[in-house]
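Residue numbers (the numbering used here), protein chains in the order written: chain A, 1 to 508; chain B, 1001 to 1322; chain C, 2001 to 2326.
Don't read these hints as lab results, they were simulated from the structure.
Label-pair restraints from in silico Cβ distances:
#: 1; chain 1: C; residue 1: Gly2023; chain 2: B; residue 2: Gly1249; range: 32 to 40 Å
#: 2; chain 1: A; residue 1: Gly127; chain 2: C; residue 2: Leu2025; range: 52 to 60 Å
#: 3; chain 1: A; residue 1: Arg387; chain 2: C; residue 2: Phe2167; range: 33 to 41 Å
#: 4; chain 1: C; residue 1: Leu2313; chain 2: B; residue 2: Asp1295; range: 35 to 43 Å
#: 5; chain 1: C; residue 1: Phe2166; chain 2: A; residue 2: Gln395; range: 52 to 60 Å
#: 6; chain 1: A; residue 1: Trp379; chain 2: C; residue 2: Leu2313; range: 34 to 42 Å
#: 7; chain 1: A; residue 1: Trp379; chain 2: B; residue 2: Asp1295; range: 43 to 51 Å
#: 8; chain 1: C; residue 1: Phe2115; chain 2: B; residue 2: Trp1167; range: 52 to 60 Å
#: 9; chain 1: A; residue 1: Trp379; chain 2: C; residue 2: Asn2122; range: 24 to 32 Å
#: 10; chain 1: C; residue 1: Asn2122; chain 2: A; residue 2: Leu240; range: 56 to 64 Å
#: 11; chain 1: B; residue 1: Ser1293; chain 2: C; residue 2: Arg2216; range: 36 to 44 Å
Just some of the chain A residues that point at chain B, by a computed CB distance under 10 Å:
#: 12; residue: Ala89
#: 13; residue: Ser104
#: 14; residue: Asn114
#: 15; residue: Ala121
Glycine is no exception: its CB is placed at the ideal position from the N, C-alpha and C atoms.
Residue-level listing of the chains:
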Amino acid sequence: MPAATAAGGHPADHAAAPLLRLIDIDKSFPGVHALRSVSLDIHAGEVHVILGQNGAGKSTLIKTLYGAHAADKGHIEVEGRRVAVARPADASALGIAVIFQEFSLVPYLDIAQNIYLGREAAFARFGLIDSAAMHAAARTILDDLGLDYDTHAYAADLGVAQQQMVEIAKALSQNARVLVMDEPTAAISEREAERLFATIARLTQKNVAIVYISHRMKEVQMLGDRITILRDGAVVTSVLRDEMSQTEMVGAMIGRPSGSQLARTPRAPGDPILFARGISTAKLSDISIEIRAGEVVGLAGLVGSGRTEVVRALFGADPITGGEIALSGSRAPTTLDARVRAGMALLPEDRKREGLALPLDIRDNATVASLWRRFTSGWFSPAAAERDTRGLIAQLGIAAHGTHQTVRTLSGGNQQKVVLAKWLAAGSRLFLLDEPTRGVDVGAKAEIYRLIDQLVDGGAGVVVISSELPELVQLCDRAYVMRDHRIVGHLDDDALTERAILELVVHQ
Amino acid sequence: MTAPTQSQQRPGAGQFFSAIPGAGILLILMLALFTIANPRFVSQTNLVNVGLQASLLLMIALPMTLIILTEGLDLSAGALLGLSGVIVAEALLAGWSVFAACAMAFAISTAFGALNGVLIAYLTLPAFVVTLGTMGLMQGIALVMTNGDPVGGFTPAIETFYRSQLWIFPMPIVVAVALYAALWLLLYRTRLGNYVIAIGGNKDALRLAGIRANLVHLAVYVLGSAIVGLSAVLLIGRTNSAHPTVGIGMEFEAIAAVVLGGTSFEKGQGWLFGAVLGALAITVLRNGLNILSVDSSLQVVCIGILLILALLIDRARKHYSR
Amino acid sequence: MTIPATLDTRSPSLSPDALALLGRLILIVLIAGALTAVDPGFASVSNLLNMLRQASLLFLVASGLTLVIIGGGLDLSVGSNLTLSACLAAAAIKTTGNPWYGVAVAVTSGTLIGFTNGLMINRLRLPPFLATFGMLWVAQGAAYWFMAGQTIYGMPMSFRYFGTGFFLGVPLPIWITLVVCVVCSIILHRTTFGREAYFMGANQTAALLSGIAVERRRLLLYVLSGLTAGIAALVYLARLNAAEPGIGEPLLLPAIAAVLVGGTSLFGGSGNIVGTVLGAILLTIIVNGLNLLNVAATWHPFVNGAVVLIAILADFIVSRRRSESG
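Using the sequences and the accompanying hints, generate a full structural model.
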């Protein structure tokens, strides 16, 4: 039987050398400088929170720490000794465990089997697993964490929070001394989160170091002994909890001091296009939103606050369990294809997986949503489609060799424009844009802004989701602010400022 | 989500009856129906007959369960059954010993299993097309070897084995039970079993745990083919002749048995005992229809309907348990 | 097909698809040339026409299958669909003496089988290979049961004309192939349905989020596959002048091989119907050549299996290189 309960060795001594040090870690991918000389000190028995937006470099950092990526420069030290972490197995051997957002549990193995996956040999007798011993060992670890789960339950039958706890148990069974948690509360309820925090407290008492990746200020304040803020792959600041206010932290995370705000030209919105009242889905509760013709409405909030779920529900991509949606005054059709025909358009956050057929060419992608409208008889004219596509390429300034270039070979900005072209051709009147400028170069960004202006001038309604506050404030006439899958505020006119959004996002 | 779903639990004693899949319900219904329709159905000879038929089907359906648990499929199992039987028969006719003939069939079967496994596990090609292709290869070789004719006249030792009994139990049933026991141990009491379930459920997790997942994946196809190849020996014992096309369609019944038993094509969800339930359900259906003098070809249609019924029952059950 | 798309210019002289077809055409000519060298009789007009007639039957079975595969699905039931439809049509013609009843019956049964496939996939959420694999056996079982060990033969001359007749010196099945090929081509390239099918095959999620009624389109694809199997059944029946259960099953592997060899990817979203025509011709030439070289007919399943494996390997290599180049 393995020493299941041994979770760390010596009592904490913060003045001594840190348990784990990352020194000047640098990592580039083609076109992206993901980590810029990042250094971190992680002490035993401490919760070290890493704050940052999506794309700040958090996941690259974890992967480097875990041996899934090799750093270009810099090195890692454990207890003052320089170590090589080339493979996940190396990290495990050093006592570094990561709990990913996507769990590494096998759905139809039970809890004990999952905890000891790949390490069954410890329980083998004559090649057969001593199931009782394995369950007993798993029981000890779960008891140690104060969990009363039946070790015979399948992972598939556990809730997200329970699966997470099993992941933690799995890490502890490998004598983890550093536990990295990647946004552990992203998909669990508040009560489950309380339980997680209690577990974290228990672990730190046992001298385990926790690296806690998050962008939720509340948790940072509650848990973090030390907080490091990452932005654009670099450490902005690393402070003790009481050294910085929440608003300052969010400011540092988002990167621009609230202040110099560009003047918006006020628009005169027309009639309501969409009116949603009390929408609930599996992931949302009580969302009410109104969008009028000729205005840009922002959906602000941190990643995971439910912004994407709102537009998906409005678009008909996720089933709604309550509430009602009206389009141009009458009840919205229920199916997604009927909503598209009624003038709705979605620019998904993940354009490669949800917006485009990458192996097909620009023409096929740009015309797909408008076939029903352009060719009402069902007969398709390649020549007409060709003309339309050339028009769209010109109108949107898509840089391509021609209409037959495969979409996969286009740059991010041009791919995004093809998705927009698809909906322009469909004559949509309500555009739901989920992070329209993510992964797009500066030039294309400006053109997308210009296009949004044109759409609104033409009487369309636009909803913009963005993690970049300056963008949101500049682009939108008003904005709904989301937190924890609800709308927590509505800002318009002069009230719509970066600081106001921040305060609503941060507010408890 | 936190409440355990009703279906497809492991066969624990208490949960057993609440967890009977659609196949179990249909099996009980059919048993009752056929007994009422013709009491001869429950005669001892007939029940032994059902057992014999179910045993042969099980020997294909049990390894098929492992393969389906990896989110795979083996359409070549039936063709391999025919080919392996032909190889054994031809080798015996050529004067080989029974052991050598079986070793030859075993070697060729595992080689084909390895071919399937490499293409599916390492090249990530879709299992149904790969095994459809190898099915063609196997059928072709069996036909070429025999010119399409049955091969007979080899040593009666194999038939003697098929007809022998262990105490009061006919040998095929003994072999099927032994195979079930062996695979049960493999699936639920060895590392490999966990890894099989993990391949279908979360292959990345297996890799992260430091296991050579592709090798395990390959091994499942090799093992499956090896079992099918050896089962062919029993099959040729039944009629004391090997027919190159005897196994065609057996893969369908085996897959139907596995799916009937409640094993899913996704996420490694399933149980070995489901194959037993499914194989029994299919055999009882066929046998009962035989007694009612329903044409054997129409029985295949009935299997299809049975399958859809079982899927609908399981779906409805899942729906109401939520 | 292996040409990286970046070479695609504003006015391409030949698109990658056209190049791929040309490559297959050259391969056919090369094999035909080699066979002519072995036996000059190969290149005789009658042998060539005969071979094309064989290929046309294979093509008809593979044509609807091509549409389904382009749309991201699979239909393993085409062969037994042909069997059942041919048997039912033969019985209808035999009892009524009117060929048109046979046509109506084969078309209806083929379509219904396709419809059922689509329904099972849409409503029961079965994976396509499982649903159509079940249908393979169910339709075949139904055919055996219906025929009860009999063979129906002796169709009226007016009907046999579809399989054995000539029009302008060319066998009628070849004309039918031409018509089906043109119709499928029009469906794929000149209807909105066809364009949606490619998009669905390439990315189902994006298709759904672009407002394509994916389930209805999918149903139609399986219906079309069933319909072409029904048409193939008629041509088969007219040519053989007899129907028995077991005629269609050996066609499944060659049909899949023809589609894959024709350059239609099993992963959906690419391919075309002309490729399948060439694929069918290529497979028929191979079989014809084997006969010419005195290879026994018992080798055919082996050859078909090998071709499927080689084709899927080639497809895998091409699609991987393509996604790496992007």
